[in-house]
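*Asks:* Each chain is listed here by its residues.
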Amino acid sequence: MGMYLLKTTAFAAGLALVAGSAAVAGEDSTLTINGDLTISTAAAAPSHLENIDEVVSGWLFRTDETQSLQMDDFDNPSFVFVDIGIDLWEAVDGTEGKSCSSCHTDGPEEFAGLTATMPRVDADGNLETLTEIINRERVEKMGAEPWKYSKTKMASLTALIGLQSRGMPVNVAIDGAAAPYWERGKELYYTRVGQLDIACSGCHEDNYGVMIRADHLSQGQTNGFPTYRLKNAKMNTTHARFKGCMKNIRATPYAEGGDEFKALELYVASRGNGLTVETPSVRN
Amino acid sequence: MASGVKPRVKTPKKATAGEAFTIKTLISHKMESGQRKDKKTGELIPRSIINRFTCEFNGTSVIDISIEPAVSTNPYFQFDAVVQEAGDMVFTWYDDDGSVYDTTKSVAIG
Amino acid sequence: MEFSRRETIALGLGAAALTFMPFRVDAAAEEVIAAFTGGADIGEGGVTVTAPEIAENGNTVPIGVDAPGAAAIMVVATGNPTPNVATFNFGELAGAQSASTRIRLAGTQDVVAIARMADGSFIQASAAVKVTIGGCGG
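Chains as they are written, first to last, in this note's numbering: chain B, 1 to 284; chain H, 1001 to 1110; chain C, 2001 to 2138.
Derived by calculation from the structure, the hints in this document are not laboratory data.
C-beta atoms are modelled at their ideal positions from N, C-alpha and C, and glycine is treated no differently.
Accuracy of the hints is not assured; some may be wrong.
[Claimed, not checked] Over 10 Å on every C-beta distance to chain B, these chain C residues come out as not near it, computed from the model:
1. Glu2030
2. Gly2039
3. Gly2046
4. Pro2052
5. Ile2054
6. Ala2055
7. Glu2056
8. Asn2057
9. Pro2062
10. Thr2078
11. Ala2096
12. Ala2127
[Stated by the list, open to error] Pairs of lysine to any residue residues, derived as SDA-like cross-links and limited to a Cα-Cα distance of at most 25 Å, are as follows:
13. B/Lys243 / C/Thr2050
14. H/Lys1006 / C/Gly2064
15. B/Lys243 / H/Arg1036
16. H/Lys1037 / H/Ser1048
17. B/Lys141 / B/Ala233
18. C/Lys2130 / C/Gly2069
19. B/Lys148 / B/Asp175
20. B/Lys148 / B/Thr32
21. H/Lys1024 / C/Ala2027
22. H/Lys1039 / B/Met71
23. B/Lys98 / H/Lys1006
24. C/Lys2130 / B/Ile212
25. H/Lys1105 / H/Arg1036
26. B/Lys243 / B/Ala199
27. H/Lys1010 / B/Cys103
28. B/Lys231 / H/Val1009
29. B/Lys151 / B/Asp175
30. H/Lys1006 / H/Asp1096
31. B/Lys151 / B/Thr117
32. B/Lys98 / B/Tyr149
33. B/Lys153 / H/Lys1014
34. B/Lys151 / H/Gly1034
35. H/Lys1024 / H/Asp1038
36. H/Lys1014 / B/Ile212
37. B/Lys98 / B/Met142
38. H/Lys1006 / B/Ala233
39. B/Lys243 / B/Ser201
40. B/Lys141 / B/Trp89
Could you put together the complete structure from these sequences and hints?
*Replies:* Quick look at the structure:
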């Protein structure tokens, strides 16, 4: 189990690449939450992926102890933030005297499936993230100040909304109006940057399952975001994570909420099409 | 009172008299160790932790834990209790700043 | 006093160890344990401490202690700058003299559990935890 399993899984995936056949994940790759929600942590790679046959969740790369934290919602510290999200959902803010629940009377459950399709292109042809939708609603409907992109309030509310999609397959649109954004994201994914001159693909496509110092590189999938990290004991958004990756390779990070990270969010999410939403996950 | 402190407790609603059952507790708290420095000013950030946690059932102790800064952020405790009759399980967390947070769960026998 | 070459080398190694090893921390752990036991002898057996062999992140390491018949169990992280972690005092209604929590470990070290039994005697056990210097966490 845990990272020991991964060595096998990733190694098997590597062999499968060599052999040109689809890698098969063992039964150990199944994540069961609260004893009743079964999540498949591996799937056949979406057809647009040229160099990988199987996509696997970051959960598989973690130790038994870290994995078990995600197997029970009480043990999962993310739920502290989901609780904060529930409070925020009900909290009146802004000049209109409204909360989320004033309009969305069916509760956050209304958004079941939303996170599985984010980010997406809006009616005006602009790529939008869940964070941007929340802030737009706050400003336009509530008359409230927008929240910072990756701080506790936003991360907690996106965790609550993401939870409504838990167990559903990731399915972001990459064609039509989304295509140019997706192409931009793909270009960023494969572009070497920073003093260490590494592209996203250098770690998360070419070397996943390999040790980086004492740690295993994952495929960098975003199906569990926002995610609680043991490292900083809080919810981490995709854009904050991208920023961290860029700092690690000594590049100057793009702005959270900026066009580059939005395009990258779309492309990286699309690399996980077929994986299952795990939000809110636990990582190290 | 530290901001955003939220206790969470998981107990069975029903217990069998004389049979041990597991309780899980978690409280959202930074557990500032007192050893970190403020990155901007270089000054030590003062310690601010939950220093004690107790669980009592109908006034009798189940567990009493003294806590040091080495306990992780959002302190989590799991332990077992055994009861002979129905009643209230009271959970109390003591903050360095003098705040006390508590929550109560009823346990039935059946 | 005259030193043979071998003794001199040994002394040098000892001095090097003093310089580089966390001797001060070990002494601090001993002090913490002595404060709990009052200097009494500590036996082995009858207490277990469960911890991962390798902790993915020292910030949140799950540990468990178990000592049937104990009145209290103290957990000490011998390699932390402040070795105290927590002391579990079991009440009349404890279903077992065991508990789990999540702790911070400053580096690779032994986590020690010392149980004070109902008769006032002490027993201890330890678990070695390797704390990895992480990669990127993803």
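*Asks:* Decide, hint by hint, whether the structure agrees.
*Replies:* So, going through the hints one by one against the coordinates:
Even its closest Cβ contact with chain B, about 28 Å, leaves C/Glu2030 beyond 10 Å, as expected for a residue assigned away from the interface. Non-interface call for C/Gly2039 relative to chain B: holds, since the shortest CB-CB distance, roughly 35 Å, exceeds 10 Å. Residue-level check passed: C/Gly2046 sits 25 Å from the nearest beta carbon of chain B, beyond 10 Å. Its closest Cβ contact with chain B, about 5 Å, brings C/Pro2052 to no more than 10 Å, contrary to its assignment away from the interface.
Some Cβ of chain B comes within 10 Å of the Cβ of C/Ile2054; the nearest lies about 7 Å off, and the non-interface call is violated. Here C/Ala2055 does not stay apart from chain B, with its beta-carbon only about 7 Å from theirs, under the 10 Å limit. Separation of C/Glu2056 from chain B is inadequate, the least Cβ-Cβ distance of about 4 Å not exceeding the 10 Å criterion. A Cβ of chain B approaches the Cβ of C/Asn2057 within 10 Å, the least distance being about 4 Å, so the stated non-interface status is violated.
The claim that C/Pro2062 is not at the interface with chain B is violated, since a C-beta of that chain comes within 10 Å of its own (minimum 5 Å). Interface exclusion of C/Thr2078 from chain B stands, the closest Cβ pair being 20 Å apart, more than 10 Å. For C/Ala2096, the shortest C-beta to C-beta distance to chain B comes to about 19 Å, beyond the 10 Å cut-off, and the non-interface label holds. Distance check for C/Ala2127 against chain B: the nearest CB is about 13 Å away, which clears 10 Å, and the non-interface claim stands.
Proposed proximity of B/Lys243 and C/Thr2050 is contradicted: the alpha carbons are some 36 Å apart, above 25 Å. For the hint pairing H/Lys1006 with C/Gly2064, the CA-to-CA distance comes to about 24 Å; that is within 25 Å, so the pair holds. Distance hint between B/Lys243 and H/Arg1036 is fulfilled; the C-alpha atoms sit about 23 Å from each other, no more than 25 Å. This hinted pair checks out: H/Lys1037 and H/Ser1048 have alpha carbons roughly 13 Å apart, not beyond 25 Å.
Taken as a hint, the B/Lys141 and B/Ala233 pair is broken in the structure, with Cα atoms around 32 Å apart against an allowance of 25 Å. The hinted pair formed by C/Lys2130 and C/Gly2069 fails the criterion: a straight-line CA distance of about 30 Å is larger than 25 Å. About 30 Å separates the Cα atoms of B/Lys148 and B/Asp175, which puts this hinted pair outside 25 Å; it is violated. For the proposed pair B/Lys148 and B/Thr32, the alpha carbon gap of about 33 Å is over 25 Å, so the pair is violated.
A distance of roughly 34 Å separates the Cα atoms of H/Lys1024 and C/Ala2027; the hinted pair therefore is violated under the 25 Å criterion. The hinted pair formed by H/Lys1039 and B/Met71 fails the criterion: a straight-line CA distance of about 35 Å is larger than 25 Å. Restraint check for B/Lys98 and H/Lys1006: satisfied, since their Cα atoms lie roughly 24 Å apart, inside the 25 Å limit. For the given pair, C/Lys2130 sits about 16 Å from B/Ile212 by alpha-carbon distance, which is consistent with the 25 Å threshold.
Of the pairs offered as hints, the one joining H/Lys1105 and H/Arg1036 is violated, with about 36 Å between alpha carbons and a cut-off of 25 Å exceeded. For the suggested pair B/Lys243 and B/Ala199, the alpha carbons sit about 13 Å apart, so the restraint of at most 25 Å is met. Distance restraint check for H/Lys1010 and B/Cys103: the Cα-Cα separation of roughly 32 Å exceeds the 25 Å cut-off, and the hinted pair is therefore not satisfied. For the suggested pair B/Lys231 and H/Val1009, the alpha carbons sit about 24 Å apart, so the restraint of at most 25 Å is met.
Using a Cα cut-off of 25 Å, the hinted pair B/Lys151 and B/Asp175 is violated, with the two alpha carbons roughly 31 Å apart. At roughly 16 Å between alpha-carbon atoms, H/Lys1006 and H/Asp1096 fall within 25 Å of each other, so this suggested pair holds. The suggested pairing of B/Lys151 with B/Thr117 holds, with an alpha-carbon distance near 22 Å, which does not exceed 25 Å. For a cut-off of 25 Å, the pair hint linking B/Lys98 to B/Tyr149 stands: about 21 Å separates their Cα positions.
Between B/Lys153 and H/Lys1014, the direct Cα distance comes to roughly 36 Å. Violation of the 25 Å bound is thereby established for this hinted pair. Proximity of B/Lys151 to H/Gly1034 is assessed by CA-CA distance (about 23 Å); at most 25 Å being required, the pair is judged to hold. Between H/Lys1024 and H/Asp1038 the CA atoms are separated by roughly 33 Å; this puts the pair beyond 25 Å, and the hint is violated. A C-alpha spacing of about 48 Å is found between H/Lys1014 and B/Ile212, which places the hinted pair above 25 Å, so the restraint is violated.
Annotation: proposed proximity of B/Lys98 to B/Met142 holds, straight-line Cα distance about 6 Å (limit 25 Å). Restraint check for H/Lys1006 and B/Ala233: the C-alpha separation of about 15 Å stays at or below 25 Å, so the hint holds. The suggested pairing of B/Lys243 with B/Ser201 holds, with an alpha-carbon distance near 16 Å, which does not exceed 25 Å. Restraint check for B/Lys141 and B/Trp89: the C-alpha separation of about 14 Å stays at or below 25 Å, so the hint holds.
Checked against the numbered hints above, the structure violates hints 4, 5, 6, 7, 8, 9, 13, 17, 18, 19, 20, 21, 22, 25, 27, 29, 33, 35 and 36; every other hint is satisfied.
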